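Asks: So you can see what is in the structure, the chains are spelled out below.
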Amino acid sequence: MPERHDVQTLLDQMAGELRTLLASRHISNPGMIGIHTGGVWVAEALHHLLHLQQPLGTLNITFYRDDFTRIGMHPRVQPSSLPFDVENQHIILVDDVLHTGRTIRAALNEIFDYGRPASVILVTLVERGGKELPICADITGTKLDLGANQHVKLSGPSPLKLTIQESA
Amino acid sequence: MSTRQIQLDSGGQLHHFISIEGLSREILTDILDTAENFATVGTRQVKKVPLLRGKTIVNLFFEPSTRTRTTFELAAKRLSADVLNLNISTSATSKGESLLDMLHNLEAMHCDMFVVRHNQSGAAHFIAEHVAPHISVINAGDGSHAHPTQAMLDMFTIRRHKPDFTSLRVAIIGDIKHSRVARSQIHALNILGVPEVRVIGPQTLIPPEASHLGVHIYHSLEAGLQDVDVVLTLRLQRERMEGALLPSEAEFFARFGLTEAKLKLAKPDAIVMHPGPINRGVEIDSAVADGPQSVILEQVTNGIAVRMAVMSMVLGRPPQSGEESR
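Going line by line, the protein sequences match chains A and B. With numbering that gives the first Met the number 0, letter number 124 in the first sequence gets 123, and the count goes up by one each step, no holes. With numbering that gives the first Met the number 0, letter number 72 in the second sequence gets 71, and the count goes up by one each step, no holes.
If you're looking for bench data, these hints aren't it; they were derived computationally from the structure. Keep in mind the model is a prediction, meaning the values are calculated, not measured. In this text, a Cβ means the ideal position worked out from N, Cα and C, and glycines have one as well. Please note that the accuracy of each hint is not assured.
[To be verified] What follows is a set of in silico ranges between Cβ atoms, one per label pair, in the way DEER data are often shown:
id	chain 1	residue 1	chain 2	residue 2	range
1	A	Val76	B	Ser166	39 to 47 Å
2	A	Gln164	B	Glu96	57 to 65 Å
3	A	Gln53	B	Arg254	21 to 29 Å
4	B	Thr39	A	Gly128	55 to 63 Å
5	A	Val76	B	Pro276	53 to 61 Å
6	B	Gly21	A	Gln12	54 to 62 Å
7	B	Ser166	A	Gln164	57 to 65 Å
8	B	His211	A	Ile163	51 to 59 Å
9	B	Gly21	A	Val76	42 to 50 Å
10	A	Gln7	B	Lys46	25 to 33 Å
11	A	Leu20	B	Pro162	38 to 46 Å
12	A	Ser166	B	Lys266	48 to 56 Å
[To be verified] Straight line, CA to CA, 20 Å or less: simulated EDC-like cross-link-like pairs of lysine to aspartate or glutamate:
id	chain 1	residue 1	chain 2	residue 2
13	B	Lys266	B	Glu208
14	B	Lys47	A	Glu165
15	B	Lys263	B	Asp226
16	B	Lys47	B	Asp32
17	B	Lys46	A	Glu86
18	B	Lys47	A	Glu16
19	A	Lys160	A	Glu126
20	A	Lys142	A	Glu16
21	B	Lys76	A	Glu16
22	A	Lys160	A	Asp11
23	B	Lys47	A	Asp11
24	B	Lys46	A	Asp112
25	A	Lys130	A	Asp112
26	A	Lys142	A	Asp112
27	B	Lys161	B	Glu128
28	A	Lys152	A	Glu43
29	B	Lys76	B	Glu35
30	B	Lys47	A	Glu126
31	B	Lys46	A	Asp11
32	B	Lys47	B	Glu25
33	B	Lys76	A	Glu126
34	B	Lys47	A	Asp112
[Claimed, not checked] Stretch-level coverage of chain B by chain A, calculated; a stretch enters the list once three of its residues show a Cβ under 8 Å from a Cβ in chain A:
id	region
35	33–45
36	81–87
37	255–268
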């Protein structure tokens with residue numbers, strides 16, 4: 000894919016859309032959660048752009064994956080940390096790439112084990128097609144139509160860079 | 000087949016957890032890192048993750064245990080597995096059923112893991128050799144041979160207080176001869192790169208082979224405690240002693256009991272550990288066991304996270320060819 004994706008431009012545009020969405024829903028003090036690893040980088044940037052007051056939460060969904068018995072553990076990923084009370088909280092869930100939807104399914108399950116949120120807004124930098132579950136992002140940086148042999152990868156944390164790779 | 004070979008599958012992943020001996024530093028570090036992830040689960044509103052949902056884990060305890068069995072049971076439940084507790088001394092073996100017949104019956108019930116505690120050294124290894132290939136076996140203590148999950152929870156507790164294993168001086172005090180905990184601790188400390196491991200005890204309670212394990216032997220508590228970072232005390236195992244290895248518990252306490260005064264010889268920030276159950280006033284004074292340097296109750300809490308890590312690692316490996324058919 001020839002087009003270059005300036006991640007900072009995407010983030011600025013997403014922050015604007017998110018501000019509008021929060022205002023329309025009258026949400027003043029949301030809790031933001033990024034999914035390890037790429038989602039945390041995107042969340043850090045958005046958290047900064049929106050001047051959110053509550054500290055950023057991070058989620059490691061390893062223990063909630065549905066392919067655990069096929070691929071095993073990833074012990075090196077940081078543990079989950081939710082530094083605010085999830086109960087009755089409006090949550091902004093952030094990931095880098097929305098693909099099959101399985102990661103988001105796992106993340107929602109984990110969030111509900113911490114408490115019952117008032118609402119969850121899903122924000123992803125890239126939506127790439129290939130959905131296997133009925134899960135849609137509320138705000139997306141960009142939509143890419145990729146083949147099954149193509150992979151989109153976010154590298155970071157500084158600078159954030161999107162690359163598309165082809166596998167044989 | 001050696002324990003090392005039986006513990007790992009053809010891809011080098013942990014399949015059984017029988018002994019620390021022969022495992023790599025990478026695997027031990029993976030266990031500690033995975034346990035770090037599980038440590039937060041116990042503090043959440045829902046103290047459970049769905050990782051082992053649908054798996055059946057059998058606690059096969061041929062020897063009484065409260066703490067180990069309870070923490071294995073809690074670990075399995077926090078992973079959403081179904082748990083069966085079998086107290087064998089009062090069960091089938093009294094009707095004359097052989098151990099292998101009992102194992103094959105449990106296999107026929109489609110169990111996925113056996114957690115084995117036995118008073119005979121080598122029992123867990125024997126069971127691992129004879130179970131169907133899809134079943135994992137975890138050693139929860141066999142005779143005076145090994146207690147690998149206890150050693151790993153001790154390593155986890157040490158790492159939380161002293162993150163760099165390669166700069167530590169660690170002393171293990173007491174009944175080394177009968178202690179499977181001490182054996183597993185020594186192997187784990189060596190593999191993780193602790194440069195100086197000391198064992199301290201009377202001549203009768205230090206086995207002759209200790210010198211081959213790369214440890215420094217002390218028969219004086221005062222000398223052995225000098226400048227250590229970590230003090231590992233052990234339970235005096237009266238039930239495993241034959242003959243007169245000890246004059247009396249009072250004399251043992253006088254020479255090798257850890258008191259506040261003796262602990263002052265260690266580094267000021269040294270931590271004190273004990274695998275439990277504690278004989279207060281025999282191997283450790285209450286003032287030390289309940290004192291500011293004691294991390295004994297942290298060990299119990301950490302035991303759950305470490306056992307969750309080991310259970311999920313042995314059941315989470317990708318299936319090997321030929322295993323699925325069973």
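Asks: Check the hint pairing lysine 142 of chain A with aspartate 112 of chain A against an upper bound of 20 Å on the C-alpha distance.
Replies: Not satisfied, since the Cα-Cα distance of roughly 31 Å exceeds 20 Å.
Asks: Against the 20 Å threshold, does the CA-CA distance of lysine 46 of chain B and aspartate 11 of chain A hold or violate the hint?
Replies: This hinted pair is violated, its Cα atoms lying about 38 Å apart.
Asks: Between lysine 47 of chain B and glutamate 126 of chain A, does the CA-CA distance stay at or below 20 Å?
Replies: Roughly 31 Å between the alpha carbons, so the hint for lysine 47 of chain B and glutamate 126 of chain A is violated.
Asks: Sort out whether aspartate 112 of chain A lies within 20 Å of lysine 46 of chain B, counting only the CA atoms.
Replies: Cα-Cα ~8 Å, so holds.
Asks: Using the C-beta atoms of valine 76 of chain A and serine 166 of chain B, is the stated range 39 to 47 Å upheld?
Replies: 27 Å, violated
Asks: For the region 81–87 of chain B, do at least 3 residues have a Cβ located nearer than 8 Å to some Cβ of chain A?
Replies: Violated - the region 81–87 of chain B has 0 residues with a Cβ nearer than 8 Å to chain A, which falls short of three.
Asks: For lysine 46 of chain B and glutamate 86 of chain A, compute the direct alpha-carbon distance and say whether it is at most 20 Å.
Replies: The given pair, whose Cα atoms are some 15 Å apart, holds under the 20 Å limit.
Asks: Checking one constraint from the list: CA of lysine 76 of chain B to CA of glutamate 16 of chain A, max 20 Å. Satisfied?
Replies: Not OK: lysine 76 of chain B and glutamate 16 of chain A at ~43 Å, beyond 20 Å, violated.
Asks: Determine whether the Cβ-Cβ distance between glutamine 164 of chain A and glutamate 96 of chain B falls within the hinted range of 57 to 65 Å.
Replies: The hinted range 57 to 65 Å holds for glutamine 164 of chain A and glutamate 96 of chain B, with Cβ atoms some 58 Å apart.
Asks: For lysine 47 of chain B and aspartate 32 of chain B, compute the direct alpha-carbon distance and say whether it is at most 20 Å.
Replies: Given that 20 Å is the threshold and the Cα spacing comes to 19 Å, the pair holds.
Asks: 53 to 61 Å was suggested as the range; check whether the CB atoms of valine 76 of chain A and proline 276 of chain B agree with it.
Replies: 36 Å, violated
Asks: Is the straight-line distance between the alpha-carbon of lysine 47 of chain B and that of glutamate 25 of chain B 20 Å or less?
Replies: The given pair, whose Cα atoms are some 27 Å apart, is violated under the 20 Å limit.
When each numbered hint is compared with the structure, violations occur for hints 1, 3, 4, 5, 7, 9, 10, 13, 14, 18, 21, 23, 25, 26, 27, 30, 31, 32, 33, 36, 37.
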